[in-house]
Amino acid sequence: MANGNGTNGTNGHGGPGARLLSRARETGDKLAGSQVMTSIFRPGSVFRKGYTDSPRNRSYVIMNNVLYHLHPVKVKRHAVKVSYTLCLGGLSFFLFILLTVTGIFLMFFYRPTAASAWNDVRTLETAVYFGSLVRNMHRWAAHLMVLSVFLHMSRVFYHGAYKAPREFNWVIGVILLTLTLLLSFTGYLLPWDQLALWAVTVGTNMMGYTPVFGSSVRYVLLGSKEISGDTLLRWYVLHVLLLPFVIVIFMAVHFWRVRKDGGISGPL
Amino acid sequence: MPEIPEHLLRRSAERRKALGLPVKGEEGGEAPSEEVPAAEAEAPTETPAAEEAAPAAAAAGGGGEEVTESKGGVPAHLLERSRRRKAALAGGDGGAAEPAAAAAAGGGGTARAGTATATRPAPAPTSTGPGGHTQRLLTVVKSGSIQQTRAEAQDKVHTWPHLLVIEFAAVLTVTAALLIFSALVRAPLQGLADFNQTPNPSKAPWYFLGLQELLTMFHPMVAGVTIPGMGIFLMMVAPYVDKNPSQHPKDRKFAISLFTIFLMFWAVLVIIGSFFRAKGFNFAFPWNDGIFFDL
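Protein chains in written order, with my numbering: chain A, 1 to 268; chain R, 1001 to 1295.
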C-alpha cells in the first residue's frame, strides 16, 4: 500500500481525527484486498473496488450478484415502464419468497395432528412474539399471491405476450397458476378450524366426481375415506414440501425461458 | 453432422434454383445439409456445395476441359487449384507412377493429369499446410450469414439502476402494505374443526367459489371436473390456437373479447358465490341477509 502511505503522510498534519480517518481507510483497503474478501467477492464487485457510476460498473452490479443475475445487464427501455407490467410477475415471485419466510416461522410452532393443530395455531396467536402478525401476513400474502398470479396472467394475455416465441412459457405459467391454487388450498386446511374443515370438504367432494377413478383420487388426496388427521398430515407435507419443491422447479424454467425467449415482450 | 442454420439452407436452395440445379425440397433427393458443408470446404466462396461439386465432376469426367473455364460461379483459379490438388492426390496414390504420369501427359494423356503434374510435382500428402499450419480455413463467412445481425439498434437501458430501483420500490410498497394490513386485520380462526357440526352455508375458498356456484347449475362431475379441466386445457393450448401474430389490441378484437368475457363470467360467479349466497347456499342479497363469507 505505497499509495496509502503517501496519503497518510500528507494527511498527518490534519490532526488526530484526520490521521484516524486515513488509518481507517488504509485498513479498509487492506481488508478489501485480502484473500478472504477476494475469494468471497468476484472481480469487479463493488465490495472489492468500490462503485463509481459507469456503464462498466452498472453491468458488474448485475453480473456479480446471483439474484440480480436473473436479469440481463440491459433491458428494453419500455420494459422498465411500470404501466406495462405493473410488476405483477416479479411481485408474485416476491410474495412466494415472503410466504416461504413467514411459513418457515410458522412451522416452528405447528404440529400437523388433529389433536394439536388448532391449539398450536391458537397458542401461536396468543403466546408467541409476532406470532399473530406473521400468521396474518402469511394468510393475506397467500390470497394476494393468488390474485397477483391471476392478474399477471391477464396482463400477459392482454399484451399478446403468449405468442411465438413465448407459447411454451405461457403453458408453464398456467401450470404455475394451478400450483399456486393448490398451494393455497392445501394451506387452507392446516388451521384445522371449522372454516378450514368445511371449505376443504366442499372442495374435495368435487374432486371425487372425477370420472372412472374419482374415488381413488379422493382417497389418495385425503389419506382416508373422509377428512381426518391423516388428511392433515398429508396436506401439510404437500403444502410445506412437495408443492413448493415443484413450483420452484417450474418457476426456474419460467424465469429462464423469459430470457431465452428474448426478454419481456412488446412494446405493443 | 452439425446443424445448419435454416437461412443458409434457404439461401442454398434459392441459389440452386437460380442455377437450374435440382432443389432438395422439390425433388426429395438427399438433404442439402449434407452437401453444403462439403461445398464450403471445397472452395472458399459462399457458393453452396452442390454447384461446385457439379463442375468438378464434369471436369473429372470430361477429360480435356479447359482449366481456365469458370463454371457455376466458381472462380477459375479455384477450379484449377482444386483440380491440381486432386491430380496430386491421385499421383500420390500412384506412388512411383508420378513421373510416368508426367510423361504420359506430355504424350497426350488426360489434360487434367497433365496440367496438374506438369506445373508442380505433387507434394507428399501430409497433415500440415504451407508454413506448417495444422488448421485450414474452410470458408470466409460473411457477417450476418450465420448470426442474425439486427440492422437497427434496440433501445435499451441498464438494469441497474433503472429496473432494480423500480423493483425495489415495488417490493417495499407491497411489504409495507401487507405489514400494515396484517397488523390491522386478523386472519380468521374459527372454532376447532367439528365433524358433527356442518356450518350453514359451507363454502370453499374464494377462488373455488366460481366452481361451487357452477355446482348449483350442473352435475358435480361437469361443474367440478369437466369445466375446470377444460378451462385449464384451453388456456394451455391458447397460444397454439391463436395464430394471429399481431400483439396490438386493434388486431386482436376477437381474442380480447373472448378472454374478457371469460374473466367477467368467472368474476361474476365468484362474486355471487362469495356475497350472494346465504343459508342453504340460497341466493340472497347481502344487504338483506348479511354476508356469509370468510377469507
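There may be inaccurate statements among the hints.
[As the list claims (entries may be wrong)] Derived DEER-like restraints, expressed as beta-carbon distance ranges:
no., chain 1, residue 1, chain 2, residue 2, range
1, R, Thr1198, A, Ser116, 37 to 45 Å
2, A, Val253, R, Gly1229, 17 to 25 Å
3, R, Leu1179, A, Ser116, 22 to 30 Å
4, R, Pro1161, A, Thr123, 43 to 51 Å
Note that these hints are calculated values from the structure, not bench results. Fair warning: this is a prediction, and the values are worked out from it, not measured in the lab. For glycine and all other residues, C-beta sits at the position ideal for the given N, C-alpha and C.
Each hint tested on the structure:
no., hint, in the structure
1, R:Thr1198 / A:Ser116: 37 to 45 Å, "violated (24 Å)"
2, A:Val253 / R:Gly1229: 17 to 25 Å, "holds (23 Å)"
3, R:Leu1179 / A:Ser116: 22 to 30 Å, "holds (29 Å)"
4, R:Pro1161 / A:Thr123: 43 to 51 Å, "holds (45 Å)"
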